[in-house]
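Number of protein chains: 2
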Amino acid sequence: MPHHPRTPTIGPGHFGRRSAGERITLRDVQNGRMTGSDRPSALDPAIAARLKRGADGLVPAIAQQYDTGEVLMLGWMDDEALHRTLTTGRCTYWSRSRREYWVKGDTSGHTQQVKSVALDCDGDTVLVKVDQVGAACHTGDRTCFDADVLPLGQ
Amino acid sequence: MPHHPRTPTIGPGHFGRRSAGERITLRDVQNGRMTGSDRPSALDPAIAARLKRGADGLVPAIAQQYDTGEVLMLGWMDDEALHRTLTTGRCTYWSRSRREYWVKGDTSGHTQQVKSVALDCDGDTVLVKVDQVGAACHTGDRTCFDADVLPLGQ
Chain A
1 MPHHPRTPTI GPGHFGRRSA GERITLRDVQ NGRMTGSDRP SALDPAIAAR
51 LKRGADGLVP AIAQQYDTGE VLMLGWMDDE ALHRTLTTGR CTYWSRSRRE
101 YWVKGDTSGH TQQVKSVALD CDGDTVLVKV DQVGAACHTG DRTCFDADVL
151 PLGQ
Chain B
155 MPHHPRTPTI GPGHFGRRSA GERITLRDVQ NGRMTGSDRP SALDPAIAAR
205 LKRGADGLVP AIAQQYDTGE VLMLGWMDDE ALHRTLTTGR CTYWSRSRRE
255 YWVKGDTSGH TQQVKSVALD CDGDTVLVKV DQVGAACHTG DRTCFDADVL
305 PLGQ
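These protein sequence lines are chains A and B, in that order.
Just so we're aligned, residue 1 is where the first sequence starts under the working numbering, counting upward by one.
Just so we're aligned, residue 155 is where the second sequence starts under the working numbering, counting upward by one.
In case anyone wonders, no lab produced these hints; they're calculated from the structure.
The beta-carbon is built from N, C-alpha and C at its ideal position, and this holds for glycine as well.
Just to be clear, a hint being listed does not mean it is correct.
Said to hold, decoys possible - Stretch-level coverage of chain A by chain B, calculated; a stretch enters the list once three of its residues show a Cβ under 8 angstroms from a Cβ in chain B:
1) 71–85
2) 108–118
3) 135–145
With these hints in hand, go ahead and build the complete structure from the sequences.
In structure tokens:
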């Protein structure tokens with residue numbers, strides 16, 4: 001019988017003993033439980049199992065204004081960024097350039113309050129419907145797609 | 155003096171002799187002029203110069219229904235897929251699994267007529283506003299994000 005029944009030890013067979021719907025705990029994260037990237041995550045394993053990540057452990061995440069339908073920006077999430085987005089109410093990305101978590105609006109004040117989150121049919125893209133405060137784009141534009149419309153034609 | 159003044163030869167300095175806004179021709183493609191991927195493309199070099207591609211030479215492309223604002227799907231484009239999307243009126247992706255160009259709807263009939271195309275502020279994402287015929291998703295759902303809405307909360 002384990003000393004701490006609520007604190008499973010990490011070892012061979014550990015992952016196999018968990019049910020698909022079981023959530024991992026902060027202790028699991030502290031113990032270094034790994035998911036799709038080289039960073040630990042508390043993301044629900046049932047969701048993590050459906051994620052199809054790129055070679056860098058990330059999936060693209062589309063942020064859309066929930067009421068107007070504007071596509072605001074595209075960021076990248078690893079398992080833990082998705083977990084934080086689902087559980088904190090604040091859209092959180094993984095910054096590929098800075099290699100750190102990035103809570104949208106922490107610096108600019110232009111926060112994204114999470115309204116809903118969906119995976120696509122292949123599990124390789126996230127759509128986050130948000131309420132965007134102010135400009136989504138670092139240039140000051142409302143969306144990141146406002147400034148460079150390409151010409152159509154031959 | 156070249157034999158065919160309108161048919162520049164490919165060689166050292168060739169790229170440097172082109173102005174930023176000059177379009178390359180079908181002959182350039184036939185001659186194997188390369189862009190961001192290992193596939194030749196006739197994409198306007200002024201656009202190609204703004205594209206920031208992933209390690210696989212691709213950028214994510216978001217397809218959005220132009221009038222309702224629905225986010226329909228996310229596909230991937232290389233330079234030539236973007237070129238074909240801009241010039242044919244039919245949204246065209248690069249299929250990562252089949253490793254071939256994929257004109258949306260060629261098999262299913264569920265075509266995407268291109269209404270507008272924009273690059274984002276970093277040049278690493280494409281937003282295509284389309285008129286989607288029927289279901290965008292191969293499952294028969296209208297969008298690829300209809301079936302797997304994730305629970306929010308702690």
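Status of each hint after checking the structure:
no.	hint	result
1	71–85	holds (count 3)
2	108–118	holds (count 4)
3	135–145	holds (count 6)
Of the numbered hints listed earlier, not one is contradicted by the structure.
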